[in-house]
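Per the numbering used here, the sequence shown starts with residue 1, numbered consecutively.
Simulated from the structure, these hints should not be mistaken for lab results. Keep in mind that the hints are not guaranteed to be accurate.
Stated by the list, open to error - Calculated lysine to aspartate or glutamate pairs in the EDC-like style (CA-CA distance at most 16 Å, straight line):
1. K4 / D123
2. K4 / D69
3. K92 / D128
4. K4 / D128
5. K6 / D128
6. K4 / E48
7. K6 / E58
8. K6 / E43
9. K3 / E63
10. K6 / E48
11. K4 / E62
12. K124 / E62
13. K92 / E44
14. K92 / D133
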Amino acid sequence: MRKKLKIGILDLASRAPTRKMWSRMMRANLASIMPQIVGVWSEEAGHEVHFVCYTGSENLLEELPSDIDVLFISAFTRSAHLAYAISNMYQKQGTVTVLGGPHARCYPEDCQKYFDYVLGITDKTLVDDLLHDCTQQ
């Protein structure tokens, strides 16, 4: 039997906090489908999933649990520095960090410096394998 993991999934639709009404209403439209799919696959595998779509109005310290085992982040290049900082914060706590999304596909060599795993094109088998044997790199 696999260990039940506590998984965080963060879809970065914004690169910084904002209080603007436009951002609160419209940035959610920039959410990606793949982080949601990874969440479904993780739940199907029996893991506990915490999903956050960051539009700039959420407080990430309150929204994401600090005691997660694996953190998946999806980021466009405009939010890459935020993704790197969040990864660093969670890695210091022993969390395995995974980056996917457009930035990971375009700049995988750069992303490897900041994440334990960098995913390009991803399928259910890859996610299952990663969750079965994930360790900090």
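Hint check results:
| no. | hint | in the structure |
| --- | --- | --- |
| 1 | K4 / D123 | violated, 20 Å |
| 2 | K4 / D69 | holds, 10 Å |
| 3 | K92 / D128 | violated, 24 Å |
| 4 | K4 / D128 | holds, 12 Å |
| 5 | K6 / D128 | holds, 14 Å |
| 6 | K4 / E48 | holds, 7 Å |
| 7 | K6 / E58 | violated, 21 Å |
| 8 | K6 / E43 | holds, 10 Å |
| 9 | K3 / E63 | violated, 24 Å |
| 10 | K6 / E48 | holds, 5 Å |
| 11 | K4 / E62 | violated, 23 Å |
| 12 | K124 / E62 | violated, 29 Å |
| 13 | K92 / E44 | violated, 28 Å |
| 14 | K92 / D133 | violated, 20 Å |
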